[in-house]
Amino acid sequence: MYWTSVKVGVNMFVDINLLPKKEKKRRTVILLILLVGLVLSVTGFFFMTNYQAQKVRLVQLEQELTLTKELKVAKEKERTQSVESKSVRELTTAVQWVEEHQSSTFFIMRTVSSLLPERGFIVDFSYKEEGTVQLTVQFDSSREAAYYLKSISSSSIISAAKLLTLSTEKLKDGVTAEPILPRYNAQYELMVDKAVIQASVKGEVGP
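Under this note's numbering, residues 12 to 218 are what the sequence shown spells out, in order.
Just so you know, these hints were derived from the structure itself, not from any lab.
The hints are all genuine.
Taking lysine-lysine pairs in the DSS-like style, the calculated list, with each CA pair at most 30 Å apart, reads: (1) K205 <-> K173; (2) K205 <-> K161; (3) K139 <-> K173; (4) K173 <-> K213; (5) K97 <-> K139; (6) K205 <-> K139; (7) K161 <-> K139; (8) K66 <-> K80; (9) K97 <-> K80; (10) K66 <-> K83; (11) K213 <-> K139; (12) K213 <-> K161; (13) K173 <-> K161; (14) K83 <-> K97; (15) K97 <-> K213; (16) K97 <-> K205; (17) K86 <-> K97.
Taking CB as the label site, the calculated pair distances span: (18) T116 <-> E75: 56 to 62 Å; (19) V212 <-> K97: 26 to 32 Å; (20) K86 <-> Q209: 38 to 44 Å.
Ideal placement from N, C-alpha and C gives every residue a C-beta, glycine not left out.
Whenever a hint applies, use it, and build me the whole structure from the sequences.
Quick look at the structure:
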């Protein structure tokens, strides 16, 4: 600042500021402007840095989401292929089982039928996968039922046979209403040799 002295009276001096007061205010305004500019710059830099960080994070999240979707699709595809493969295997096994079961059932039925006497008739037949046969046959006499048990026991495909029940069934003539000779119903349980049956079906051995 510039100052000057003016002599007033005897031995007295008065200092007078020759710079106007506006100069001081101008400097204050300039300082405020600089301060505000600095604050705005720092704030802008902070927001810009934060924006860039958020942008990078967003890109990372999008990449993670894309990767997650791809992994999910891959796992779903793998699971679908596994299910389809399992279904194909199960279907193939089922078809093979049906073919073998039908062939075995037909072969057993043919064998037990071939051993029947002239007037012997199969009333009921059932074959289970474990190799058990339930067989109900109708005969003219109990002797035929016993002889049939001996015959099927001698068959190469039968490993065990037993007579469970033997009952009579009285028949009536529809014209005279007079009873005629009874029929005998014999129930058998057979255990078949599955290995022999399979070999027989394939033509390796005879019945």
